[in-house]
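Undergrad: I would like the entire structure built from these sequences, with the hints used as guidance.
As they're listed, the protein sequences go chains R and Y. Each residue of the first sequence is one higher than the one before, starting from 1 at the first, in this note's numbering. Each residue of the second sequence is one higher than the one before, starting from 341 at the first, in this note's numbering.
There could be a bad hint or two in this list.
[Claimed, not checked] Facing chain R, from chain Y, some residues (calculated, C-beta under 10 Å):
1. D411
2. G412
3. L524
4. Q529
5. I594
6. R600
7. Q605
8. M614
9. H639
10. G643
11. F644
Treat the hints as calculated values from the structure; they're not laboratory data. All C-beta atoms, glycine included, are put in the ideal place defined by N, C-alpha and C.
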Amino acid sequence: MTTASTPLVRIDGLYKRFPLDRGLLEQLELDGLRLRRRQKAVNAINGVSMEIQAGEALCVVGESGCGKSTVARVVMGLLSPSAGQIEFAGQRIDGLPRKQLAPFRKRMQMIFQNPYSSLNPRMTIRQTLEEPVRFHFPDLTTAEVVERVAEVMSSVGIDPGWGVRFPHEFSGGQRQRISIARALTVDPEFIVADEPISALDVSIQAQVLNLLMDAREQRGLTYMFITHDLSVVEHFGSRVAVMYLGTLCELAPTVSLFSTPRHPYTRALLSAIPRLGGAQQDFIRLKGEVPTPIDLPPGCVFHNRCPHADARCKSEIPRLIDQGDGVQVACHAIEEGRIE
Amino acid sequence: MALLEVRNLEVRFPQRSGELVALRDVSFSVDRGMRMGIVGESGAGKSVAAFSILNLVSRPGYIAHGQILFDGEDIVQMSPAQLQRIRGNRITMIFQDPMMTLNPVLTIGTQMIECLQAHGKVNDREARRIAVEKLRQVKIPSPEARIDQYPHELSGGMRQRVVIAIALLTDPDLIIADEPTTALDVTIQAEIMALLLELCKQEGVALILITHDLGVVSQVTEDTIVMYAGRIIEEAPTRELIDHPRHPYTEGLINALPERARQGQRLNQIAGSMPSLHVIPDGCAFHPRCEHTHERCRHEIPGFTGTTHRRVACHWRADQEGQEA
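TA: Below, the structure written as structure tokens:
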């Protein structure tokens, strides 16, 4: 993207490793006659960089285990990165102490996947919704807090009179509305939504998606939308980031990604969406399976399943290369012009 | 004669606050080799319908009323021994989560051989040969080696392939698949569905596919039933159902899919949510959410109009078609 303004969120060279060994003894192994120390880890994110501009809805897609949720959590500061940095409105926010992070927490909020586990079952809806307001706006009077919460509740289609109820008295769709309301009460600029509709039924998914789109329009929100459902992405996102095994394969405006997917993995992924079109379409069958993130393959992480892989793909990690029109692809075959 | 004929099935779950009726007046039939889809949202009764075919309704639930004729014999009336000859043998089942279905402490081979020997006199060697052959049929690479592995050594997609292989072991007449790909990634889902479709065609096995995903149904089944709040509300050849849905709920469900809306536009949502089975509205259960509701919908449960495999239960539609005729 070539914009002069600072992006709202900038992720630069992000790595996240989750160590597997608990003690020193587990790390020791015999290499020939020498004892060596080797740490095993799950490499959840391996060098991801992207920028999110104010007002856009960036969708991050990929299959389970590709690191999309980890990216969301690192961006929100729920996990700290192993390397790389996160900037919010031009300021670096990773590694900040709690106190200094607090003003940013108000500006960025998260919506989780499962509305059954993300709401405290022992708090009434009003308590759940008022708590963040009181915390982030200690100067507000009780009446102002109540008014603010009521306003948000009606905007997400929950009757403010239901505030005295507990989460178990609501259906899944209503609970997800409440989680959205909780994110909106502090009037954030940026919302990370981690699979917010996956746990919901089709007719309810449409309601919640509409709600998220309305909120974006009315409040000028910026979204990072994590999902595995590509048909939702096509509808919702302005740009799409496709992830595979902790790396970014392709980053492109939605329309362009769906009309001309470039990266071989994106092509396979798009061809596998079940469409309402009758007869099984010709989807691209990938050989093999996703390798384990504990022992990452050298070179391009996709090379063992890619129909276009050659010697270079097996040894050299491809960089994200600008293809014009805001499209970035990390693939040697595309770079060399071996595939269209 | 249809392979499976379900007539006026009613399933109830006794509860402290009275009985919950999970299925009401459900009738449908599946012909030999036919692929049938049952779609609906959670709580619509689609899984209960499938489980009751095998008399697997979990207690205290029970079949209060109706017949399930499999090859002319009523499954509801069968003794456990009689049922044993059919369940897992002529009708097999594929469940949603392969990790829950497979026994984690037994190798795949042990589980497959056990299944074969429970349903017929087969010696170990022969059973193993059949098991390997079925694993090959579901396209598991090097089945001779894989057969001695434990479920945790396989990926999710591979495990579901094993489950399909087990479902095929006894050369069944009917496979019931309950959300077989919901727990899987989209690329794996496409492979598993293609495999299931190919095997059903090749072996002439009938399939009942239960899912909430209309996209999956549209690619696999010939005929589709839509359920809402414990009742069948529409049945039609799948293509026809998607192109020309007749029930307002089916129409709403299809139009609510993101691919039916214009990019960046609001989705066409159905207002409200499915009623809980405790408080099903009078008359047509869909009437509080329906835009065509009139007085009759509030009091009278709509009956079916149309033919066996192209029917709809809707007053509004019936009136409309009456006017056209």
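Undergrad: Does each hint hold? Answer for all of them.
TA: Quick rundown of the hints versus the structure:
no.: 1; hint: D411; result: violated, 30 Å
no.: 2; hint: G412; result: violated, 33 Å
no.: 3; hint: L524; result: holds, 9 Å
no.: 4; hint: Q529; result: holds, 7 Å
no.: 5; hint: I594; result: holds, 7 Å
no.: 6; hint: R600; result: holds, 8 Å
no.: 7; hint: Q605; result: holds, 8 Å
no.: 8; hint: M614; result: holds, 7 Å
no.: 9; hint: H639; result: violated, 25 Å
no.: 10; hint: G643; result: violated, 24 Å
no.: 11; hint: F644; result: violated, 23 Å
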